[in-house]
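Protein chains: 2
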Amino acid sequence: MSVRARERVRSVDLVPSVLAGKIAPIARLLSRAEQGADEVLPALEEIYRHAGKAHVVGITGVPGSGKSTLLSKLAIRLRGLERRVGIVAVDPTSPFSGGSILGDRIRMNDLSGDPDIFIRSMATRGSLGGLARATLDAVDILDAAGYDPVLIETVGVGQDEVEVVQAAHSTVVVSAPGLGDDIQAVKAGVLEIADIHVVSKYDRADANRTITDLKGMLTLGAHAGTGAHAQSSPQATWKTPVVATSAASGEGIDELVDQIDAHRTFLRESGTLRQRQRQIAQRRLLKAAEDLLRDEFMRQQEGDMARIISDMIDREVHPSAAARQLIELVRKAGDR
Amino acid sequence: MSVRARERVRSVDLVPSVLAGKIAPIARLLSRAEQGADEVLPALEEIYRHAGKAHVVGITGVPGSGKSTLLSKLAIRLRGLERRVGIVAVDPTSPFSGGSILGDRIRMNDLSGDPDIFIRSMATRGSLGGLARATLDAVDILDAAGYDPVLIETVGVGQDEVEVVQAAHSTVVVSAPGLGDDIQAVKAGVLEIADIHVVSKYDRADANRTITDLKGMLTLGAHAGTGAHAQSSPQATWKTPVVATSAASGEGIDELVDQIDAHRTFLRESGTLRQRQRQIAQRRLLKAAEDLLRDEFMRQQEGDMARIISDMIDREVHPSAAARQLIELVRKAGDR
Numbered sequence: 005m006s007v008r009a010r011e012r013v014r015s016v017d018l019v020p021s022v023l024a025g026k027i028a029p030i031a032r033l034l035s036r037a038e039q040g041a042d043e044v045l046p047a048l049e050e051i052y053r054h055a056g057k058a059h060v061v062g063i064t065g066v067p068g069s070g071k072s073t074l075l076s077k078l079a080i081r082l083r084g085l086e087r088r089v090g091i092v093a094v095d096p097t098s099p100f101s102g103g104s105i106l107g108d109r110i111r112m113n114d115l116s117g118d119p120d121i122f123i124r125s126m127a128t129r130g131s132l133g134g135l136a137r138a139t140l141d142a143v144d145i146l147d148a149a150g151y152d153p154v155l156i157e158t159v160g161v162g163q164d165e166v167e168v169v170q171a172a173h174s175t176v177v178v179s180a181p182g183l184g185d186d187i188q189a190v191k192a193g194v195l196e197i198a199d200i201h202v203v204s205k206y207d208r209a210d211a212n213r214t215i216t217d218l219k220g221m222l223t224l225g226a227h228a229g230t231g232a233h234a235q236s237s238p239q240a241t242w243k244t245p246v247v248a249t250s251a252a253s254g255e256g257i258d259e260l261v262d263q264i265d266a267h268r269t270f271l272r273e274s275g276t277l278r279q280r281q282r283q284i285a286q287r288r289l290l291k292a293a294e295d296l297l298r299d300e301f302m303r304q305q306e307g308d309m310a311r312i313i314s315d316m317i318d319r320e321v322h323p324s325a326a327a328r329q330l331i332e333l334v335r336k337a338g339d340r
Numbered sequence: 005m006s007v008r009a010r011e012r013v014r015s016v017d018l019v020p021s022v023l024a025g026k027i028a029p030i031a032r033l034l035s036r037a038e039q040g041a042d043e044v045l046p047a048l049e050e051i052y053r054h055a056g057k058a059h060v061v062g063i064t065g066v067p068g069s070g071k072s073t074l075l076s077k078l079a080i081r082l083r084g085l086e087r088r089v090g091i092v093a094v095d096p097t098s099p100f101s102g103g104s105i106l107g108d109r110i111r112m113n114d115l116s117g118d119p120d121i122f123i124r125s126m127a128t129r130g131s132l133g134g135l136a137r138a139t140l141d142a143v144d145i146l147d148a149a150g151y152d153p154v155l156i157e158t159v160g161v162g163q164d165e166v167e168v169v170q171a172a173h174s175t176v177v178v179s180a181p182g183l184g185d186d187i188q189a190v191k192a193g194v195l196e197i198a199d200i201h202v203v204s205k206y207d208r209a210d211a212n213r214t215i216t217d218l219k220g221m222l223t224l225g226a227h228a229g230t231g232a233h234a235q236s237s238p239q240a241t242w243k244t245p246v247v248a249t250s251a252a253s254g255e256g257i258d259e260l261v262d263q264i265d266a267h268r269t270f271l272r273e274s275g276t277l278r279q280r281q282r283q284i285a286q287r288r289l290l291k292a293a294e295d296l297l298r299d300e301f302m303r304q305q306e307g308d309m310a311r312i313i314s315d316m317i318d319r320e321v322h323p324s325a326a327a328r329q330l331i332e333l334v335r336k337a338g339d340r
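Here the protein sequences line up with chains A and B, keeping their order.
Residue numbering for the first sequence follows the numbering used here, starting at 5 and increasing by one per position.
Residue numbering for the second sequence follows the numbering used here, starting at 5 and increasing by one per position.
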């Protein structure tokens, strides 16, 4: 079959091969999902029906926290346990996403060539808004293809990226000692979304101070209970652990695997899994609706939309009233 | 009139006093707008019709850049020119927003007691999404009340805060020497949205390096032309100036006032004002539509919305299809 002919394969026809775990079709569907053409939607709908089995783990932390290194060590360890590991990297500073320094590249190479580790990096430039959608589609594809767990790596700053992490069942927040006095998770606004904290670079002398600071902060937070994922019922309480890891010695990686598994078990057995699934679905639904509005908006630039905007500029219509007109337009477009 | 009776005044009945520039009604309407109850909407619609006259200037920069100090010096200078200055502060680290250190508090006090400077700080905690809407409503209120210019102070990180700055006609990005090697505007992702750059703390020895770096970066950017506000027509080109200021000596404040006025004149005379108004209106429209969806979503938790989410969790409906159902629900709610 020629390259041209292969390119003409409909996305929806790739789905059976994706579900069978075949590498090339998975890669092709991932690319098409990222481009986000309408043609791929029936395929994604089919994929979505088959997804929902994998444990989705978000791994976040500021640049320099050592999360990329941790991620590669974690993936290697999970492979040692015979698990098929999917990785979606949305961190522009990550070696998985096309960064960075030579050392990181070598670590990434530790993972390449293994068909049971699938690494997909997402472009973060120029796709604000679309990024969250494309990332979650990618997670669905790897999930449906039988990868479990699926790890999402993202830098823990920016609303879009927090949204991505909030799509995970379990969220690991990585902090490193010596990146300034403040707790990085607090600075990045992700303290509350952590199910598991990791302090990386445990071989460093100042790591213990970071661990102590973090535990102190968590004790305060336990009383506040304002986290997006805060557990409301007292009988189902997850005590956020702080795991110290060292990429050099490999220390703490096993404990991290255990804690991720423990959190998965906790979600299932406490009945909070359904609750978290609802939160994830709610956010995703809202995001999809916003994306629809934005897309329709872009298509409508020359038509009714231009009139609505002119009315706004001329101060004849308030933005809220204009927004109702926009929603009406989008609905009509959906009826066509 | 008792306090109880005063509280029962309808928001829409406050509008004439607001338009007349009366302080207490302005403050009251601002509070109600921030709370965002449905009751205030008719008042905001009326306010919106009377707004659109003020020059809206966004002032942004990372914490520590000295933008709060600059803002107070700028406001005092503008008062010296007999202008009525409105300030909306959405920076949680700003003394205007209830920060910070004693020195900043004293600077803020320089401005208090003058009825022709109105300072409004917006709560940024717990109002993600609602923040941008509330801030723009506050700008409208001060605008309609006759304040001109209206200055928006925001920390230049986070999607929500960038959105706020993008609602300004002119955007001032403040950088300080010695906050790390990188250009702060680049780090914060706001280089492209600057109409005017300020390098604060010009009395510092390393200020010249920051100025040189920034000018070099701008020369590169002039060729790239990727900014949200990039001017497309060659005959209407704004050359982004770099203004050096010193809060200690007051140096550069007059030049900053001149540059802000020059940019206002440029927008008017080049015909790009309308273009920028379109961009601002577009963003605000989209944001308002998203807020409507979110609000309706919150109201619908127990009804049809819960069913849609359950269908998603059960993998029966893809998020995109579910989003169309959500938009249909919101539209129906609007018809009621």
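A hint or two may mislead.
To be verified - With a straight-line Cα cutoff of 30 angstroms, these simulated DSBU-like cross-link-like pairs (lysine-lysine) come out:
1. A:LYS336 to B:LYS291
2. B:LYS57 to B:LYS26
3. B:LYS336 to A:LYS336
4. B:LYS57 to B:LYS243
For the record, the hints were derived by calculation from the structure and aren't laboratory data.
Hint-by-hint comparison with the structure:
A hinted pair counts as satisfied when its Cα atoms are at most 30 angstroms apart, and LYS336 of chain A with LYS291 of chain B qualifies at roughly 20 angstroms. Taken as a hint, the LYS57 of chain B and LYS26 of chain B pair is honoured in the structure, with Cα atoms around 18 angstroms apart against an allowance of 30 angstroms. A threshold of 30 angstroms between alpha carbons decides the hint, and for LYS336 of chain B with LYS336 of chain A the separation of about 12 angstroms falls inside it, so the pair holds. Note on LYS57 of chain B and LYS243 of chain B: the hinted pairing holds, with a Cα-Cα distance of about 25 angstroms set against a maximum of 30 angstroms.
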